[in-house]
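Novice: Take a look at the letters that make up each chain.
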Amino acid sequence: MRGLFALAFVAAACTPDIEPDGYLCGQNESCPDGLVCSGSNFACEDPATVTSFTCNAATTSAAAPMKLPALQCPSPPVTEMTCLSAGGSGAWFQLTTPAACSSVGIAASIQFPFAFESLDLVLEDSTGAPIGSDGDCALPAPGLDSRCLAQTLANATTYLVAVVPAGNDCDGDCTYNQLSLSVQLAAP
Amino acid sequence: MADSPVGTPIVVGEDHPIIVTTPGERSTDNIEFVVGLTGVGLVLTGLGVFYNFDSRSASNAVNAVMPTGQPWTTGDQIDYDDAHRYAHDAAIFYSLGGAVLIGALVTWIATAPDDHTVVIRPHAAPTIAPTPGGAVLGGSWRF
Chain A
1 MRGLFALAFV
11 AAACTPDIEP
21 DGYLCGQNES
31 CPDGLVCSGS
41 NFACEDPATV
51 TSFTCNAATT
61 SAAAPMKLPA
71 LQCPSPPVTE
81 MTCLSAGGSG
91 AWFQLTTPAA
101 CSSVGIAASI
111 QFPFAFESLD
121 LVLEDSTGAP
131 IGSDGDCALP
141 APGLDSRCLA
151 QTLANATTYL
161 VAVVPAGNDC
171 DGDCTYNQLS
181 LSVQLAAP
Chain B
1 MADSPVGTPI
11 VVGEDHPIIV
21 TTPGERSTDN
31 IEFVVGLTGV
41 GLVLTGLGVF
51 YNFDSRSASN
61 AVNAVMPTGQ
71 PWTTGDQIDY
81 DDAHRYAHDA
91 AIFYSLGGAV
101 LIGALVTWIA
111 TAPDDHTVVI
121 RPHAAPTIAP
131 TPGGAVLGGS
141 WRF
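So the protein sequences, as listed, match chains A and B.
Numbering follows our numbering, in which position 69 of the first sequence is assigned residue number 69; successive positions increment by one, without gaps.
Numbering follows our numbering, in which position 106 of the second sequence is assigned residue number 106; successive positions increment by one, without gaps.
In case anyone wonders, no lab produced these hints; they're calculated from the structure.
Please read these numbers as outputs of a predicted model, since none were measured by experiment.
There's no promise every hint is true.
Stated by the list, open to error - Here are some of the chain B residues that sit facing chain A, going by a computed Cβ distance under 8 Å:
hint, residue
1, Ser55
2, Arg56
3, Ser59
4, Ala64
5, Pro67
6, Thr68
7, Gly69
8, Trp72
9, Ala83
10, His84
11, Ala90
12, Thr127
13, Pro130
Glycine included, C-beta positions come from ideal geometry on N, C-alpha and C.
Turn these sequences into a full structure, and let the hints guide you.
Specialist: Take a look at the structure:
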C-alpha cells in the first residue's frame, strides 16, 4: 500500500509547476491554465492579482505627429516608450534628416509584448504616403516581438515613422499594446 | 514424531506413531495463473512508469517556479497538455498495475494448499534367530 502511495505521489509530481509571473503572456494573451495575462506587466499572473491594460500616451496622427529630437548623421538611437490605446489607429513620429549628410539612412525598430495586438512599422513621407515597410529583425528581442525597418533617406527631408496595428488582436479583445520605438540615422 | 522426554529412548510402535507433516503442493495451473497475473501487473505498472517519465519530461520543459522572461508559446501549451495527459495515463496504469499485483498476492495467499499430515503406526515384531552357541536378537518394523 505504501508503494502505491509512493507511485501516486510520483505521478502527481509530474504535472507542470508554473508559478505566477513564471511566463510572460504569449500571443493573444495566452497563459498556462489557471493564470491570466496581466495588462500592466504582460506576465501570466494569478487572476486575483491581475491588472488591466492602461495607455495614457498622447494621441498622434499623420497630420499631428510627435516630433523626435533632431538627429545627426550618424546619430545614436533615440528611444520612445509609448502605447496604442484600445482601438487606436496608430502612433506617428516625425523626423527630419540633416542637410549635410554624405548619405543617410534610417534604422528603426519597435519592440512590443506578444500579448496584445501585433504592430507594424511603416516609413512615410511628410504627407503620410508609405515609402517603406518593416521586416523581421536580425536580432529579435528576448521575450518580445519586434519589427525592424531600414531605408535610405534624402537629406533635409521630413519623414514620418508610423506604428500601426497589424491585426492579430485577440478577435478584437486586445486592440492595444505598449511599444518601444528606436530610431537611428546611419550610413545606408 | 511424538515427543519423548529427555533421556527416554524413542520407541516406535503402535502406541507411538510417527507423524509427518508435508507442505501442500500447488498445482501447475495455480502457479501459472499467479505468475501470469503478476506478469500482467508488472507490465501495467511498467507502462505507468513509461508514461510517468514522459509526463516528467514534458513537465520539466515548462516548469517555471521563477520568472523565465519568456512568453508562453504554442509549444509550451503542447508540453503542458502532454504532461497532464501522460500523468493521467500514468496514474491509470499505476492503479491498474497495483490492483493486479495485489490481486496476484491475494490469489497466492488464498489458494495456498493445506499441509498434508501423515500418521505412521509401525508394527514391531521381535526376531530371535538361534545361532551356534547362542542367538541373534533383533526386530522388524512394518509401516
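Novice: None of the hints should be skipped; say for each whether it holds.
Specialist: The hints, checked one at a time:
no.	hint	verdict
1	Ser55	4 Å, holds
2	Arg56	4 Å, holds
3	Ser59	5 Å, holds
4	Ala64	3 Å, holds
5	Pro67	5 Å, holds
6	Thr68	6 Å, holds
7	Gly69	5 Å, holds
8	Trp72	4 Å, holds
9	Ala83	5 Å, holds
10	His84	6 Å, holds
11	Ala90	5 Å, holds
12	Thr127	64 Å, violated
13	Pro130	75 Å, violated
Consistency note: the structure conflicts with the earlier hints numbered 12, 13.
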